Amino acid sequence: MNNKFIRIIPKLDIKNGLLIKSINLDGLRVLGDPYDFAKLYYDMGADEIFYSDVVASLYGTINLSKYINRISKSLFIPLTVSGGIKTLNQIEEFLKNGADKISINTEAINNISLIKKASRVFGSSTIVSNIQSIKIENKYFITKENGREIIKENPVKWAKKLEDNGVGEIFLTSINKEGLKKGFDLNILKKVSNSVKIPVIAHGGAGSHEQIYQVIKNTNISGVAISGFFHYAVCNSFKTKKFKLGNTYFIDNLTKEKSKNVILDLKKYLLNRNIRIRK
Amino acid sequence: MKKKIGILDLKINNILSIYNACLKANFSTNIINTKEKNYKKKYDIIILPGVGSYKNAMNKIYDNNYNIKILEFLSDNNKILIGICLGMQLLFSNSEEFGKSSGLNLIKGKVKRFDKKIIVPHTGWAKLNIVKNTNFFTNKLNEQMFFFTHSFYCIPEKAEHIISKTQYFDNKFCSAIQKDNIIGMQFHPEKSGKHGIELLKKFERN
Chain R
1 MNNKFIRIIP KLDIKNGLLI KSINLDGLRV LGDPYDFAKL YYDMGADEIF
51 YSDVVASLYG TINLSKYINR ISKSLFIPLT VSGGIKTLNQ IEEFLKNGAD
101 KISINTEAIN NISLIKKASR VFGSSTIVSN IQSIKIENKY FITKENGREI
151 IKENPVKWAK KLEDNGVGEI FLTSINKEGL KKGFDLNILK KVSNSVKIPV
201 IAHGGAGSHE QIYQVIKNTN ISGVAISGFF HYAVCNSFKT KKFKLGNTYF
251 IDNLTKEKSK NVILDLKKYL LNRNIRIRK
Chain X
280 MKKKIGILDL KINNILSIYN ACLKANFSTN IINTKEKNYK KKYDIIILPG
330 VGSYKNAMNK IYDNNYNIKI LEFLSDNNKI LIGICLGMQL LFSNSEEFGK
380 SSGLNLIKGK VKRFDKKIIV PHTGWAKLNI VKNTNFFTNK LNEQMFFFTH
430 SFYCIPEKAE HIISKTQYFD NKFCSAIQKD NIIGMQFHPE KSGKHGIELL
480 KKFERN
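Chains as they are written, first to last, in our numbering: chain R, 1 to 279; chain X, 280 to 485.
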């Protein structure tokens, strides 16, 4: 009997300490302070938070500890941190600063032995790997540096290799679907989640309750990561802060109003369709 | 007077998460310095957290003489030791991780890996099924969910110590245990939202 409970995981993409939202992992728009969003999602009943520093693999991780340290103080649910992690020492530092799980993509591709060592030292359940899958002319590839570089490797094969090297969870982003709110790439999610025996989290494309239900029903995933679909529905409740960095046109023109509980609404929808989920 | 919690740092843990949760549950909280001695004088409760490899964690315990310090602490019946996740598993006699690794042997029994046919690690929220009511664990917890993330589970020699069981696929494993003043939780109370904090608060009151 499959009695796992599906996890609902808000995903926060961070650049220079600010929450941003991209389309196809590109084209960034500032949405606010990640601390506000993380705390709100925790209060609304999120099962976990995924925190991704989108430029850390390019520019380094100097401030990441400081940011997660601040966020973790108000979160009593698991916090997964991703972004430019290259060494065991960095993993230890992030765990010391409030991360519960560490997600690695770029460095896993560059140096798979890091994954092997990390899962031995910190345990498989602490080490996640995000796969950024891209579909080009009906063929799937993986990418590194947040979609900037395409690697000639099939995501299914890559997922198995990660599993063999001790990764405890796959976080699968479909770049072609990301930020479009037109539904998930069921094809690749089905293939990956059926070919490994570790949990797979679906990310990229959430735009309606029905689409989220479909990805849970039609694949073997253990959780769904959601960013824009949640962020845009709640961001007008924080319209008190001013940011000087980046493209803030969108948040500067919001009208302030109290947001509805987006997580509870989604969970109610799924429970009504007999999906096992934490109430 | 607030009760005092000391957290043992095995350097492989989500140590700040536990620290924050203990503060939230209103304990006076400290991460124990490796050089510290005489835990009895300073703490009411010691938490042995843990994620990571069994053998690695046991090596850290021996390197810092934590095993001896814990025994000395437990000689006072009013003191409580709480093992969380891997910390619970370390309380047992041995684990089958990487062949066989010896544990603290404070509770007789072994630690076994989940069947390879199911999704492992077991990562996510699950229910407790309380089989024995205590000061800290009551039937009320059956309605609540807690966060788990583990590939191994404990099999105690004596069923009488089992406090709760949790189902994962066809497996009903021991998710909480108590033997005298030693308590183990396979789930993470520090990561189980409001219910996890409430559970920790019970140790502040009792």
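Incorrect hints may appear among the rest.
To be verified - Covered stretches of chain R (in silico footprint by chain X; criterion: 3 or more residues with CB under 8 Å from a CB of chain X, positions within the stretch not fixed):
1) 80-88
2) 96-102
3) 116-123
4) 188-200
As the list claims (entries may be wrong) - Straight line, CA to CA, 25 Å or less: simulated PhoX-like cross-link-like pairs of lysine-lysine:
5) K160/R - K406/X
6) K197/R - K21/R
7) K96/R - K321/X
8) K406/X - K197/R
9) K116/R - K406/X
10) K321/X - K86/R
Read the hints as simulated data drawn from the structure, not as lab findings. No experiment lies behind these values; they were computed from the predicted model shown. Backbone N, C-alpha and C fix where the C-beta goes; we use that ideal spot for every residue, glycine too.
**Study point:** Violated constraints from the hint list, given by number and in increasing order
**Key:** 1, 5, 6, 9 and 10
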